[in-house]
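Fit chain Y to the given chain L structure using the hints.
Order-wise, the sequence lines are chains L and Y. Heads up: the first sequence is residues 507 to 755, going by our numbering. Heads up: the second sequence is residues 507 to 755, going by our numbering.
FYI, nobody ran anything at the bench for these hints, they're computed from the structure. The structure presented is a predicted model; accordingly, all values stated were derived computationally and were not measured. Relax, there's no trap hidden among the hints.
In this list, chains with the same sequence are indistinguishable; a pair is considered to hold if it fits within one copy or across any two.
Taking lysine to aspartate or glutamate and the EDC-like style, the derived pairs with C-alpha atoms no more than 16 Å apart in a straight line are:
{"hint": "1", "residue 1": "LYS640", "residue 2": "ASP658"}
{"hint": "2", "residue 1": "LYS619", "residue 2": "GLU715"}
{"hint": "3", "residue 1": "LYS533", "residue 2": "GLU509"}
{"hint": "4", "residue 1": "LYS619", "residue 2": "GLU703"}
{"hint": "5", "residue 1": "LYS726", "residue 2": "ASP573"}
{"hint": "6", "residue 1": "LYS605", "residue 2": "GLU581"}
{"hint": "7", "residue 1": "LYS535", "residue 2": "ASP587"}
{"hint": "8", "residue 1": "LYS731", "residue 2": "GLU574"}
{"hint": "9", "residue 1": "LYS722", "residue 2": "GLU574"}
Number of protein chains: 2
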Amino acid sequence: MIEVTIIGSGNIAFHLAKAWHKSEKVKLKNVIGRNQKSLDEFKQFANVSSDFSSIGSTAVCLLAVSDEAIGSVSEQIPQGDYLVLHTSGATNLQAISDKHRRGVFYPFQSFSKNSTFKYAEIPLLLEVGTDKDKELLIQLAESFSQNHQFLDSEQRLKLHLAGTFVNNFANHLFQIGFDLCQANKFSVELLKPLIRETADKIMHINPKEAQTGPAKRNDKDTIEKHLALLPEGKSKEIYKLITSSIQDI
Amino acid sequence: MIEVTIIGSGNIAFHLAKAWHKSEKVKLKNVIGRNQKSLDEFKQFANVSSDFSSIGSTAVCLLAVSDEAIGSVSEQIPQGDYLVLHTSGATNLQAISDKHRRGVFYPFQSFSKNSTFKYAEIPLLLEVGTDKDKELLIQLAESFSQNHQFLDSEQRLKLHLAGTFVNNFANHLFQIGFDLCQANKFSVELLKPLIRETADKIMHINPKEAQTGPAKRNDKDTIEKHLALLPEGKSKEIYKLITSSIQDI
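The shape of chain L in the complex, shown without the other chains (with noise of 0.2 Å):
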């Protein structure tokens, strides 16, 4: 059993907790955060506390804090035996203080709490900053995912910058149709087989090869018709940049 400390309470503590709290693999020791109210949900799942010293023993200290804050907070953990871990997808390994052995454990999924997952297909990409603790974090990543691979910070900051895309960035344009329907007062139901399709489709097909619509045909009366309904704004210059994009391809 490898005894972990998790130190933050947002989504990616949650399922973390989650995951470990029925694992035969791992005995979830604490769960150790600033905000009370959050904590109070990981009580199902192990001790609580707001105070670093009552870390104690463990094997692993996960800190599952936002990006600006693993220094600072990383710097706060008392010295232990322990391996301390950041789950950041854009942070470099050295942000965490040079007093702990060092590394990283990033689930490259986006976390929302009421969200179900199969913790087991979700991609983790693991790096450390010594040898010696790649056995240790091997054993820890196994026990929450099947699919894990060492990556070093570089390597995995363009892995971030590809999920940012496609992620975030395609979320909002989501956002731009929901609002459209919106303005237009027709229900957004209506966006959400297409929405679902579109994730779908690219699960076994290329999304080059997926690409469809007025664009991609370079049909001009269709495009000239759309943006002759969309305001001056950013709606518009996306629509102007993304057709263009695809259109260079």
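Structure of chain Y alone, referenced to chain L:
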């Protein structure tokens, strides 16, 4: 039984033929198209022909052809006692030759041949030239989907525009993500759980609430690191513009 003839042999034609082939409310009489090879795939559903004069007796002639072809193909259809429908989101009802009774039967979905759909859930947007045809169109719609409503040509175009953002444009962002993975020798499989969750999440949360990431958090450090990784070009412009659009809200 409503007798239907489909003109066209693309993906929309295929899924309509597939649905109506087993319908108890529709008798699919003919599928008419120019491309003999595509037509072969329709032999399992109905008679196939490349000859417009084979239309004969039918209640509905459904055009599943490209937007630009709606005018010329509908002109070639001999006048008769049937309702002529097109299936386009971005095309006016009036594009159909005025020698016919006219209507629109627009399934708001992105069809590819090998996908499977719950036809009953696909939103269907309807329009008729004369109220006399309304009942026939409703009956035809109900044979395909329980989710249908009437929209005029202008409203339908506005919905088509919203669909372009959430389907064609989102798919292009997925392609940029795939390209970034391939350029860095990551498997594109890494992106799939994230893409699936991005779409799944907004089935029950508004995308505005679902938005996360460096743009939303105004995490300038990560934004700078991402921009440094992107070569000059459309992807970098898209990164800057969508980041700024997320921050506008």
